[in-house]
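> These are the residues of each chain, in order.
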Amino acid sequence: MKIPPAIPAPPPMTPAEAYWQTSRRLTLTLLSVWFVVTFVAVFFARELDRINLFGWPLSFYMAAQGVMLVYLAIVVIYTVRMRRAEQELHAANEQHHGD
Amino acid sequence: METNKAFFRRLTRYYCWYTFGFIVFLLVLAVLEHEGMPRAWIGYLFLFVTIALYAGIGVLSRTSDVPEYYVAGRRVPALFNGMATAADWISAATFISLAGGLYLQGFDGLAYIMGWTGGYCLVALLIAPYLRKFGQYTLADFLAERYGGNFVRILAVIATILISFTYVVAQIYGVGLITSRFTGIDFSIGIFLGLASILVCSFLGGMRAITWTQVAQYIIILFAYLIPVLWLSAKHTGVPVPQVAYGSVLPKLNALEQRIAADPKEQEVRAIFQARADDYDNKLQHLPRSWEDGRIDAQHHSEEIRRDSHASLADIKSASRALSAYPKSIEEAEHKWNDAKSYNLSRAQPPVSQTEPFPGKDEEAADIKRNNFLALVFCLMIGTAALPHILMRYYTTPSVHEARKSVFWTLFFIMLIYVTVPALAILVKYDIYTSLVGSNYAHLPDWVYYWASIDKANPLVSITDLNHDHIVQLGEISLDGDIIVLATPEIAGLPYFISGLVAAGGLAAALSTADGLLLTISNALSHDVYYKVIDPSASSQKRVTISKLLLLVVALLAAYAASLKPGDILSMVGAAFSLAASTLFPALVLGIFWKRANQAGAIAGIISGFLMCVYYMVHTHPAFGGSAAGQWFHIAPISAGLFGVPVGIGTLIVVSLLTPPPDERTLALIDHIRTP
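Heads up: the sequence lines are chains H and W, in that order.
Okay, so the first sequence: first residue is 2 according to my numbering, each after it adds one.
Okay, so the second sequence: first residue is 101 according to my numbering, each after it adds one.
Treat the hints loosely; a few may be bogus.
To be verified - Below are the EDC-like pairs computed for lysine to aspartate or glutamate, each with C-alpha atoms no more than 16 Å apart in a straight line: (1) 695(W) / 48(H); (2) 233(W) / 87(H); (3) 469(W) / 48(H).
Derived by calculation from the structure, the hints in this document are not laboratory data.
Predicted model only: the values in this text are computed from it and were never measured.
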């Protein structure tokens, strides 16, 4: 019986590469949230208009306030998560140099 | 690190004292008004005290040091940079016209609210941290370093100047409007007064002085925008938090809108406008005969009245005025009558619903509205993420993390105002629908007379009893959008010093934006063109001096352009966003996120994006001789970036792939900016 050739393991990522990967993934995720709340929500604004949220028509509320709060949340999440990634990178770099 | 903290504490202390001082100043004015100080004096006091304040901050932070002059020494804490950027961002148009736009256009106006805040997501995620890590002085610096070569730099400089100059002319125009409306001084004197304060500030201290002035200006803007709305909100809802409370007014406003749409008296007024529009339409169809008949009629009428011994002087005057205003040629008649027809048609429409998205007579019309809304949001967002004077600000923070944090603060401080804008529009609308509509012509409020008399040629507000029933109908009121913010204090019944405060806020908004823009233009010229291209050996002293001289020249040019009162200035500002999006955004973002992007690609991308955008505008905007018939998918010319951005990105990618990849040095630079 033939043993299938093992898939060669990818070379381990350097801390900088890992950081860039985290950063890219986060950016992509948050950009898709941004896209959905902006363009998809407005595209269906007429359908959403029938829903009422504490007396506000939903699509009006979203465009006048809700979307802005989501934007702010996007920037907050990005800032906090990137800060953490940055600290991990510095720690990893120090360990790297310590070896 | 410790010095940073100490610096932050010191700044906080200064600005707390400043805010306290400003409140005391307001209280003093309140007392003075109570004691009977005339209105004009309150206007003058606001104008001169604030302008002197900005100039004073400029004098205190004067500098000739290069990093201080260009990027405020890169030690502006995130919070203060956010505040300064917010002031930089909130222009005369935002402060004065945004709420008016919402009032007049309903849901459609929200495109500006969304576009001008959502763009900051792109700034935060795609640009600001990388630009800060790169750490030079201008946007062109980055593009030139990333793609190599002075040609890219020159292209970036041209784009920067085109975008910023149209924008700055609009700001200075706004300064002239506000000063002349509130103090009665001449429009051009107002422009030069404002200019003096901008110059003292940026001339002496560059970015450093501008930053600290903008923080001070933001505080004034915030006070000026919030106080009247808080008051209105307390008056109509009993809750002085307008951002939350205006929800309870919405259902009442909807009911009012429906009642007004069905009211027979309102329909009567709308029918009058419809009849006028039909009359113009009839005349247009019978050109050129209708023009000749009309001219002969006007002549006859004028002669008859002059012969009639019973005619009053006023009748004779109005007849001869009608004769002299009569179109001189058939072309002029066609133009004038077309305008008159569309004006009357627009007033024959029932009021726009405030909250219904994309109202249209059928599915197709509503879809066109929705597509234009989306296109405008797209262009405003991408444009925001490519505006040189905003992006430049993120060079001034101490670190990459501070740059990210400072985008958060920017968005936060912008939101404080933007969340209030719809509240203001809706509360004012409710006030007008309830207290002005249905009132008697004998008891019109004072503010109507006051604002009607400000600009006789283009009155900001006009109310005429068209159906002679002595009752004000909504259809009889014609409001200019700008009045919504400027007259709010009076509509809400607040004392006059609050009106002065609103004017000072509008002035601060215009001046702070103009400051940032002028510095961006003069830096692009002195740093990118003079130092990097013409004389790379220039001493730092010489560079700063050149920059200051250029600032003076650009400021005077902008003031001259504004004093010509270009009519289409607002649509030009809208165009600046599309232009920024199409030219700079593709090269910036792909430069960071795509290593394969190279010099040839960037050059082709910038040029093709620019050409596409300009072509569409010229092709479709009446001001450039185009017409709506040339539109693609019914997209308005202001959203030309919808086509410019994909063309720019596509060209950049295709040309880059067809030419050799960038060299080792460039790849190292990209890795460098990607690590914090």
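> So, for every hint listed, does it hold in this structure?
To see whether the hints hold, each was checked on the structure:
1. 695(W) / 48(H): 42 Å, violated
2. 233(W) / 87(H): 13 Å, holds
3. 469(W) / 48(H): 15 Å, holds
The structure fails hint 1 only (numbered hints given earlier).
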